[in-house]
Amino acid sequence: MSTITAEKQLKPGTFTVATNLDREQWIKRLLIVLVCVWLMVVVVLPLFQLLVKSVIDDSGRFVGLAHFITYFKTPALSQALFNSLFVSTVTTLFAVGLGFPWAYALTRTRMPAKGFFKAVAMMPLFAPTLLNGIALVYLFGRKGLITRGFFGALPGMDIHVYGSVGIIIAEVLFTFPQAVLILSIALTMTDARLYEAAESLGAGRVRSFFTVTLPACATAWPAR
Amino acid sequence: MNDKPTYLQVQNVSKVFGQFTALQGISFSAARGEFISILGPSGCGKTTLLRVIAGLERQTRGTVFIEGRDVSAFPVSRRKVGIVFQSYALFPNLTARENIAYGLKRQGKPRSAVNAHVDELLDLVGLGGMGRKHPAQLSGGQQQRVALARAIAVAPDLLLLDEPLSALDAKVRQKLRGEIRQLQQRLGITTIMVTHDQEEALTMADRILVIEQGRLAQDGTPHEIYDKPASPFVANFIGTMNFIEGATKIDNGLYGIGNTRLRISGENGSSRLPAGCRVTLAIRPEDILLQGDPAAPNRLNARVAGMEYRGSLFRIDLCLPNATHGAGTLTAEVPTHAVRHLAITPDTNLPVYLPVDRLRVYANEGVQVRI
Ligand SMILES: Nc1ncnc2c1ncn2[C@@H]1O[C@H](COP(=O)(O)OP(=O)(O)OP(=O)(O)O)[C@@H](O)[C@H]1O
Ligand SMILES: [Mg+2]
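Residue numbers (this note's numbering), protein chains in the order written: chain S, 1 to 224; chain U, 1001 to 1371.
One thing to keep in mind: the hints can contain errors.
What the hints assert, rightly or not - If the Cβ cut is set under 10 Å, some of the chain U residues that face chain S in the computed set are:
#1 Arg-1079
#2 Phe-1085
#3 Leu-1094
Stated by the list, open to error - Computed footprint of chain U on chain S; a stretch qualifies when at least three of its residues, placed anywhere within it, have a C-beta under 8 Å from a C-beta of chain U:
#4 184 to 196
#5 207 to 215
No lab work stands behind these hints, which were simulated from the structure alone.
Backbone N, C-alpha and C fix where the C-beta goes; we use that ideal spot for every residue, glycine too.
Just need the whole structure built from these sequences, with the hints factored in.
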């Protein structure tokens, strides 16, 4: 008798589990659909709109690639495209080049005051974006603290902050925290046994860095 | 194995993590070419011991000797060991070939020689033609083979395996068990394999170390471990054992439970116990006989309380009405043909024989006699 009642009690339980799972699945799908719709609205549609506009002229006639040809024939405009690519490439190189040693020091060394350095790396995330600009102008602007050499106390130095240099500095400041975060995660997630395996096979620090650490971080690359 | 020179010697090794003692005074040695299995329940310190031997962990006390040399201060790269880690630790970004070749690079061989060697190793572990795949594209058993090939590629003098088969299903495990053993014998590498699978240890190893909470509970051949377990822990961990509690020593070779007298020959050091001492007697299920010479000693009356069919044998629960103390029930394993011959059915009353040379004596807790 007792086993039968036990079974009866069990059954509704199993059903609840099943429906819970189903519901979870549904919520997951719904969220995925919502995200897709959102991306459509804010990314794909404007881009599409832009593309459509790019192949018609002011009066609404289709002109094919004429606009593009004019664009690339106008030196000032094609220069702008080149500048954008140049700035983003250099920014990436600097953000990763600075972020990697920083993340490495945070995760793989016994450096003191890790909390402090982590907080420093994260600071640009919390500062208002305007702050970067104002600080750069105050330091490197035409009358900036460094440009004028601390009110003439030192020889001044003008780095021409109103141009690509300034943009790159600002962008690096802005992307540095993300770079450190992503790379730290990649560095902490590497399996410690892989290092031990490398060591047992005779690899030194340099080789395990290139064969274990870097590949693990490479998986974090696309996030850049 | 005694005629072969000692390759590895572990002397009085202890390892303490903070407050926790993971290993306590472990000593053993391995002859060249010997296959030793470290067996014990989860968390008993098997991996820790292996890591100390490998040089991945530094012992708190004690010494590790390789070929008579104290290597305690040597890092893993100087100990000439090949390691297969629990769950393999293959480099995910490298192909099977590149994984196997990893340790060969530093030896400065020409590329063609390395390639030929890797091909040879791939064939050796039965993965010919799979070299281009990445670990994620290989099955568990194939990854295990790559890990093994990678470990032996550097021609280590000592092969350390940490539960190499635990992640595999029973069939593959069975197959690889034999293959690893064959390979080890062919290459003559001294091997230490951690496992918590008693069958694996019994079938593969020349010698087994049983570890209980960081201490060495027994060091012996599979035969010794199974036949003469040094403690109830070992007896229970390897195979099954009937324990008859509440027995008292009457004289050397003579024990009493209630008004039953049991004779025991070939005592395991229990002759040092004083008369009147409380002991636990033990016997393996397959050693209990249901037929024999009526005049033989240790003949008890029993009733069949339950029978479980296991194909080639029956597990039979026996109730011992005469034994007033504890002894209650014994489990016997009886070949099916004997059960058929004796026409045993539930509730049959029959005599059981406990052979004098198959009973073991264990002093109860608190009585300090090492066996
Ligand atoms: N680095 C460490 N720091 C602290 N405690 C540790 C460390 N490594 C192991 N231990 C402890 O030492 C004990 C033995 O661990 P070990 O890994 O050797 O067990 P094991 O016998 O290999 O177990 P399993 O069969 O589960 O792999 C465990 O209780 C574990 O918690
Ligand atoms: Mg372990």
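Against the structure, the hints:
1. Arg-1079: 9 Å, holds
2. Phe-1085: Interface hint status for Phe-1085 (chain U): holds (5 Å vs cutoff 10 Å).
3. Leu-1094: 7 Å, holds
4. 184 to 196: holds (count 4)
5. 207 to 215: Contact hint for the segment 207 to 215 of chain S vs chain U: holds, 4 residues under 8 Å.
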